[in-house]
Each structure stands twice: as structure tokens, then as C-alpha cells.
Amino acid sequence: MSVPTIAIVGLEFRYPDGTIALDGVDLHIHPGERVALLGPNGAGKTTLILHMNGIYMPQKGTVAVSGLQLTQDNVMEIRRRVGVVFQDPDDQLFMPTVGEDVEFGPRNLGLTGDELNQRVQDALNAMEVADLIDRPPNHLSFGQKRRVAIAGVLAMKPSIIVLDEPTSNLDPASRRELAAALKSLDTTQLIVTHDLPFAYEMCERSVVMDVGTIVASGETAEVLGNDHLLQQHRLELPYGFAIRNGN
Amino acid sequence: MPDGHVHTLYRHGNTPLHRTQPHVKIAAAFLFIFAVVATPREAIWAFLIYFVILIILAVSARLGIRFVATRMLIETPFVIAALLIPFLTGGDRISLLGIELSRAGLWDTWNILAKATLGLLTSVVLAGTTDIPSVLRGLEALRVPRVLTTIMGFMIRYLDVVLGEFRRMRVAMQSRGHDPRWIGHIKPYATSAGLIFVRSYERGERVYLAMASRGYDGHMPTRPGNQASVPQWAAALLAPATAWAIAALAWWSV
Chain A
0 MSVPTIAIVG LEFRYPDGTI ALDGVDLHIH PGERVALLGP NGAGKTTLIL
50 HMNGIYMPQK GTVAVSGLQL TQDNVMEIRR RVGVVFQDPD DQLFMPTVGE
100 DVEFGPRNLG LTGDELNQRV QDALNAMEVA DLIDRPPNHL SFGQKRRVAI
150 AGVLAMKPSI IVLDEPTSNL DPASRRELAA ALKSLDTTQL IVTHDLPFAY
200 EMCERSVVMD VGTIVASGET AEVLGNDHLL QQHRLELPYG FAIRNGN
Chain B
0 MPDGHVHTLY RHGNTPLHRT QPHVKIAAAF LFIFAVVATP REAIWAFLIY
50 FVILIILAVS ARLGIRFVAT RMLIETPFVI AALLIPFLTG GDRISLLGIE
100 LSRAGLWDTW NILAKATLGL LTSVVLAGTT DIPSVLRGLE ALRVPRVLTT
150 IMGFMIRYLD VVLGEFRRMR VAMQSRGHDP RWIGHIKPYA TSAGLIFVRS
200 YERGERVYLA MASRGYDGHM PTRPGNQASV PQWAAALLAP ATAWAIAALA
250 WWSV
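Heads up: the protein sequence lines correspond to chains A and B, in order.
Residue 91 in numbering that gives the first Met the number 0 sits at position 92 of the first sequence; the count goes up by one each step and never skips.
Residue 170 in numbering that gives the first Met the number 0 sits at position 171 of the second sequence; the count goes up by one each step and never skips.
There may be inaccurate statements among the hints.
Stated by the list, open to error - Covered stretches of chain A, as calculated for chain B (at least 3 residues, CB under 8 Å):
#1 71 to 80
#2 105 to 113
#3 126 to 137
#4 151 to 162
Unchecked claim - Taking CB as the label site, the calculated pair distances span:
#5 B:L194 x A:Q71: 35 to 41 Å
#6 B:I55 x A:N73: 22 to 28 Å
#7 A:Q71 x B:L72: 37 to 43 Å
#8 B:T221 x A:F240: 48 to 54 Å
#9 A:D113 x B:V229: 24 to 30 Å
#10 A:D72 x B:L236: 50 to 56 Å
#11 B:W181 x A:G109: 57 to 63 Å
#12 B:Y188 x A:P15: 53 to 59 Å
#13 B:I150 x A:R233: 49 to 55 Å
#14 B:R61 x A:Q71: 55 to 61 Å
#15 B:T149 x A:N73: 51 to 57 Å
#16 A:Q71 x B:M172: 45 to 51 Å
#17 B:E201 x A:N73: 28 to 34 Å
The set of hints was computed from the structure by calculation and includes no laboratory data.
The C-beta atom is built at its ideal place from N, Cα and C for all residues, glycine as well.
The whole structure should be built from the sequences, with the hints applied where relevant.
Below, the structure is given as C-alpha cells:
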């Protein structure tokens, strides 16, 4: 079997006040997979994401990205490999123009000249926002901001993109455009979401997390077809929505 | 989408002034303003020439009277303050329309008004022909420390976001019947200002996380600046050079 893109074993994390946020998480994601991470608010999803790119260091257990174990010394390389797209694109687009923002990551990696421009162009094209290159981020629509934020992460050529609530606040058309853009990428993806139909549309596999551990993992249709599981973990399909081939 | 007022300072165009490299324009504007400030206040003719130079620049950049005039309004509070000086200062007095005014105070008012107006007009022409990202790049090219330009960039970037938050809070207050009529009603505004401070602080942390996630290690990556040709520098420095010549002439003549 290939080296997993993400290999998390026995990960535990406790906040300074003693609250347990992660209580022994085991998670493997393989190259080319698109996995949904589901779970109610407060399940520990965001804390888990922040471990994947070394913003938090494991207190117990291990995190490895494409075979490289996360330590204090290689945190920069880990951050290059794991691209995190945060929930509020205004937090992520901090440079004066779209072009400069997408450049930010690759420049930190030391890229310059034609190589840099090519990276930026490729990332913008992949998200279909190349025409926005000279615009200041505050002039973009919410859907455009989200796609530019993803382009900024793509430009670092990560092994995996982690998206935190990518569909929040998007209108249906922007949501559809985002889905199409994400499907066109061949990068491994982890999509953290409350939007179960989006998980169903995008991801073959879903992982359910609650109170700091992984409580279920399997084919999305199976997970979303399991009413008991959903109910137990405060997950709900929208009214009138049913998974046809679930059990 | 709400447009922050900071962006309305720029008017899109493709005139020679728009095309001049930002750092050249910034340097020229500063040198011009120094010349204005250094001119003795008695040389009224010199200020008129400065004014004509700026009008020529504004016209050549197709900025339009309305555009310039509305952006000059920011000076109003200073004008009012300056107009009070002749009433408040002492010394030799002259009578104007039956009102006793201080002669030294009148000169002070003129000095402040003329120099502030010309300085502001210079800034309006600069900002009208240079968009904000270019101003920041220009300052960087002029070796302004990267930390300062970064702070400015962040401030401008998030001004709209913060103003938007404030606007939404105000609408929420009004929607629940808040109708401020007298000073005692100001309390909810004070509270929301505090709240916005806290929210911005938290946003700052999230922005930092996002930066760290894209490989930020404490140093902003630099962009190679654009070079300006010698003819471009020469053309841009023509206005401040003229101004310095006039200032020197004014000193010699008074």
C-alpha cells in the first residue's frame, strides 16, 4: 500500500484548562482520496486540522504527512505539504491584491521570477479566478474570495488541501462552482463540513468525529444512510433529502 | 457590496501621471510639499504659482473639478480652526468690516490655509493617480521599512471589514428600536466599539494562523520593485524642482 498522505495515530490534545479536545484520534488519508470530516460543533474538528499543519504540536500520539513525521524542526515543510483553507476568507486574504496574496505562500518557499509567476497563474486558473489577479480582495464577492483563498493554498503545491467549512455562506451557484473547481483538482482533499449533501456529492469516504475521537469511517453513502449514527452525533440531512443507496 | 471610502480616492485612468512609477510620484509629491512649506508666507505670488502647477497636473490626469473638490472637503475642520486665529491672537490690530482682527493672526491664518490646501491638493493628485497597492509598493521602493508598509497594508485591507462589522452592528441596534437622540444614548456605540476591538484582536490571531499556515516565518516576502527610467524621474521631478526654484526666489525677494 502507498504511503498515506495523512497518518495520525493516537493523537491526544488537552487545552491548558484541562479540557480534552482530542482523545486518541486515528486517521489515515491516502493519496488521491477526497474525504469528508463530519461532526457536531465542538467535536474537535478544528483542533484536529490545526495539528495537521503543526500549528498545534501533538501532546501524545503522532502526525505524519506523506511519511514525514511532524516535529518542531520540520514544521515549515509540513505546512507546505498541508494546505489549510480557513473558514473566513477575510482571514486568509490579507495582502493588498489577489496576485500578491497568491504569491505569499510560494514566496515564503523562496520561489521567484518565472517559476513564481507560473505557480500563481496555475493556481488562479485552477480556481478560475485568473481575471481577478489585480483586484483588492475587499472588492470580491464571497464566492470569489473563497476560491482565491483556495488558490493561495494551491500555489504552495500541497500534498493535501484541508478545507474548513468550504460551503458556509455561499449561495447555491457559488457552491456549485466551488464543487466543480474542487472536483477538477487531483490533489488529495479533506473537507470538514456540516453540509452533508456536499459531502455526499464530493467525497467517497466520510469520517465522523465526536467528543475528540473518530466514531465512524466508511463510504459516504453508508455513513449518511445510517440514521442511528447520524442521530447519535447530532448530524442531520436536510429536510426531504434521502440517500438512495444507503442501508 | 459596500465600497470603503479609502478606495474612492483613486480615479482609474491611463494618463502619463497614472503611468509614472509610484515611488517616483511619491518622492516628487514629498519634495513638492517641502518646497511649499519652506516658502515664506509673504510671497503670495509663489503660492499662486504652486496652485497653478497642481491644477495643471490635476487637469492632465483628468481628475475633474468635482472629484478634486469633494476630496478637499476633509480640510474643513482645519479651515475653521485656522479662521479663529485672527480673533484669538493679540498684538497689532486692524479693522476689517468693522471687526477688530490681529494682523499677525491674519498672516498665520493665511500661512496655514495656503500651505495646508496646497499640501492636500498634492496628496489628492497623488492618490487620484496611484491606487493603494501601488502606493504601498512605491513606499517600499523608497526603502520605507517593510514592517511599516505591511502594517499600512493590513490596516487598509481590514478597514472595510471592520467598518462593515460596525455597520451591521448599527443596523442590528436600529432593528431592535435603538434611536439615538441625545448624548446619553451613545452607550451602545461605546460598547460596540469595545466589541469590535475584541473581535479585531481575535481576527488578528486568525490572520496570523493563516499566514503561518502558508509558511510565514516572521519576514514578509519581498517583491522586486519596478525600476523607473531616468527620463521618467526627470519628468516627475520637474514640478518639485520648479517649486524649489520658486521657494528660493521667494526667500531672496522678501
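Status of the hints after comparison with the structure:
With a cut-off of 8 Å between beta carbons, the stretch 71 to 80 of chain A has 3 residues touching chain B; three or more are needed, and the interface restraint holds. Residues of the stretch 105 to 113 of chain A lying with their CB closer than 8 Å to a CB of chain B number 4, which satisfies the three-residue condition for coverage. Only residues whose C-beta sits within less than 8 Å of a C-beta in chain B count toward coverage, and the stretch 126 to 137 of chain A has 3 of them, enough to reach three; the restraint holds. Counting residues of the stretch 151 to 162 of chain A whose CB falls under 8 Å from any CB of chain B gives 3; the rule of at least 3 is met.
Checked against the hint of 35 to 41 Å, the pair L194 of chain B and Q71 of chain A passes, with Cβ atoms roughly 36 Å apart. With their beta carbons about 60 Å apart, I55 of chain B and N73 of chain A fall outside the hinted range of 22 to 28 Å. Our hint of 37 to 43 Å for Q71 of chain A and L72 of chain B is violated, since their Cβ atoms are close to 55 Å apart. Range check, T221 of chain B to F240 of chain A: about 50 Å between beta-carbon atoms, so the 48 to 54 Å window is met.
In this structure, D113 of chain A and V229 of chain B meet the distance hint of 24 to 30 Å, their C-beta atoms being roughly 27 Å apart. Checked against the hint of 50 to 56 Å, the C-beta distance between D72 of chain A and L236 of chain B comes to roughly 51 Å, which is consistent with it. The hinted range of 57 to 63 Å is satisfied by W181 of chain B and G109 of chain A, whose Cβ atoms lie roughly 60 Å apart. A hinted range of 53 to 59 Å is violated for the C-beta pair Y188 of chain B and P15 of chain A, which are about 35 Å apart.
Taking the beta carbon of each, I150 of chain B and R233 of chain A are about 42 Å apart, not inside 49 to 55 Å as hinted. As the Cβ distance of R61 of chain B to Q71 of chain A is approximately 57 Å, the hint placing it in 55 to 61 Å holds. In this structure, T149 of chain B and N73 of chain A break the distance hint of 51 to 57 Å, their C-beta atoms being roughly 27 Å apart. Under the hint 45 to 51 Å, the C-beta atoms of Q71 of chain A and M172 of chain B, about 47 Å apart, fit the expected range.
Restraint check, E201 of chain B to N73 of chain A: a C-beta distance of roughly 29 Å satisfies the suggested window 28 to 34 Å.
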